[in-house]
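*Asks:* Let the sequences and hints guide you as you build the complete structure.
Numbering (the UniProt record's numbering), first residue to last: 1 to 424.
Incorrect hints may have been included.
Said to hold, decoys possible - Keeping only pairs whose Cα atoms sit at most 20 Å apart, straight-line, the calculated EDC-like set for lysine to aspartate or glutamate is:
1. K127 x E117
2. K338 x E117
3. K97 x E270
4. K338 x E31
5. K350 x E307
6. K6 x D85
7. K83 x E275
8. K338 x E4
9. K83 x D278
10. K83 x D101
11. K154 x D101
12. K82 x E296
13. K154 x E242
14. K37 x E270
15. K82 x E270
16. K230 x E252
Derived from the structure by calculation, the hints contain no laboratory data. Keep in mind that this is a model prediction, so the values were computed, not measured.
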Amino acid sequence: MDKERKKVVIVGGGFAGINLALALSKVKYYEVVLVDKNNYNHFAPLLYQVATGMLQVSSISLPFRTLFKNKKHLRFRIGTLKKIDCEARILHLNNGKITYDLLVLATGTVTNFFGNENIQNEAWPMKSVEDAVKLRNALLRNAEKASITQDPEKLEVLRNIVIAGGGPAGVEVAGMLAELRNRALRKLYPDLDASRLQIYLVEGSPNLLGGMRTASQEYAMESMKKLGIKVIPDVMVEDYREETVYLSNGQEIRSKTLIWTTGVRAQHFEGIPEELYDKSFRIRVNQYNQIDSLPEIFVIGDASLQEHEGFDDGYPQLGSVATQHGKTLAKNLIRLAKGRAMEPFEYFDKGTMAIIGKSKATADLEIPKKTLTGWFAWAAWLTVHLFLLINYRNRIKTMWEWTNSYLTTTEPEGLLLNPENDKV
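*Replies:* Now the structure itself:
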């Protein structure tokens, strides 16, 4: 480690952390260490396509050491942050300690089960690569069981899939599952009556895609119905036990599969003063993503609470915000190294997109301010997400798999790992 260079430690290798790390690796001012509990970066918006077998894990992920191998002043360390000694500037990890001159928390969010232990233990979240692979295995395992089960009650439980949350993640996974049911399962599982596989999408508000424009919400609802998805709006999932989903309207749905896409929260770390956290554990920062009382610590991405005109509750927890946070902070740290003042963060909203199925998507554009739906929005979604992937290898793999899946058979990845490993 070059003692003349300040040591920047970045905790978290998601959108915010990886963009910051790669930008700083191009300049001579800092020694950078990125810490993450996983040894790979992954593209979170496409996790549901891994879960539904449309993409392989290697298409959306890449080891940090592969990304960093030619970066002289950028290193990786695997570890989970447990505690921050702000006075001594030491991070306590699950596997040791690491010192820092400047610390950047880019720790993202985790699934929020709102204190319901039954849902936490039995539902399938979709926040990590591990979650996606486990869900894919569960879906395949249930399909195999349903193809040989004769008991009507057991068949009902296996055939029903409930998705909690009608935001982009819930809509996208529901649409993908419906496409697979309507196109691929009939051929792959001739002994399974795929037409009787029911997909329920439960949303606590009256509309799907709550953060998008009315035109997008209406298009999503109409598309869900055309795909044969049973949308249950204005209703919450209250509990899940004994293979039964209990809804706030009194309805009960027998199902072995509850997919939980609703609710996230940031993480709490010992050492950060309690008054800096909001109720979702986001950390309050100034316009430079800096903690005022701890100026050597910065927080970026979903873990930060940065108020701005028009965003009284902080910027939305989106990949676009996190990416811009990382790139802007890199520029500001370079300014600091040169003895110049930092510039405040300004979010450039490019719009919001959601894919619903094959040739079905919606996009709320900001410039020009209009909403696209259908094939053009679908093509735009594919193009944007392809180029947002971190590495050319990922882009090539994903493009190849999309070509095979979307443009031909829509046949999912069918490898079933740990076939006897039941969660419930």
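*Asks:* Hints the structure violates: just list their numbers, smallest first.
*Replies:* Hints 2, 11 not satisfied by this model.
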